Amino acid sequence: MQLKSYIPNFITLLNLFCGCIAVILAVNNLFVASAVFVFLGIFFDFFDGFFARKLNVQSELGVQLDSLADMVTSGLVPGIVMYKLLSLASDTPGVAFSSWSSFMQWESFKIVPIALVGLFITMASAYRLAKFNIDSDQQSYFKGLPTPANTLLIISLPLILEFQNSDAMNAIILNKWFLLAVTILSCYLLNSSIKLFALKFKNYSFKDNAIRYIFMLLSLVFLVVLHFAAIPLIILLYIILSLLNTKNI
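Under my numbering, residue 636 is the last one in the sequence shown; the count climbs by one each step, no gaps.
Because the hints were derived from the structure by calculation, they are not lab data.
Please read these numbers as outputs of a predicted model, since none were measured by experiment.
Heads up, some of the hints might be wrong.
[Unchecked claim] With a cut-off of at most 30 Å between alpha-carbon atoms, the simulated DSS-like pairs for lysine-lysine come out as follows:
no. : residue 1 : residue 2
1   : 471       : 530
2   : 582       : 518
3   : 530       : 497
4   : 530       : 594
5   : 563       : 530
6   : 441       : 582
7   : 518       : 530
8   : 471       : 441
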């Protein structure tokens, strides 16, 4: 087997490595650092497929490995982040496991039951990735929101809290009903039948890729003006442009 055939899979494993680090950081409430590794993971997730196509070494192993890596970086991480945010926002006291402390060192461990709803995002991501693997139609478009895009939506929430310095935004994000609504919406979008265009360029002509160029330009403007608060709007823009462009997908 040629050495070049290992390159895309190695890049995929870098995505998984970044996802594992992001999980550790998110569990310890280090959301900004976790987001950095999620961004790196998504970067590697984009380029593994790019190099597989360029080197003409696409394989079934690569497809399965890519989904397994995405399950961590773009499935487990957003679920943990949402669980943590719901824990912060909930006025429900945590359930202690003091009765187990005689044989398990959980004396200081508490869990907020309603926050477990955040892990529905992880389950919905797993279901979405499994469907993608057996759906031969999703080559030039996506059916439902891709897991990396959904992850960007979820991790943008703690980034907005950290960097936007807006009391109004903070009050909305730390409202448990808002977070529960976002969780439900996230799970729906991941597994919806909405057709969304892929950011894959067969050529670079404006005529064939107008929707992609428009999306990238508007996204850049949003990011410059609104910073991290732009990310939810960019996801909304992605969905709206896809719905307007359904005939060309």
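Would you pick out the hints that fail for this structure and give their numbers low to high? 3, 8
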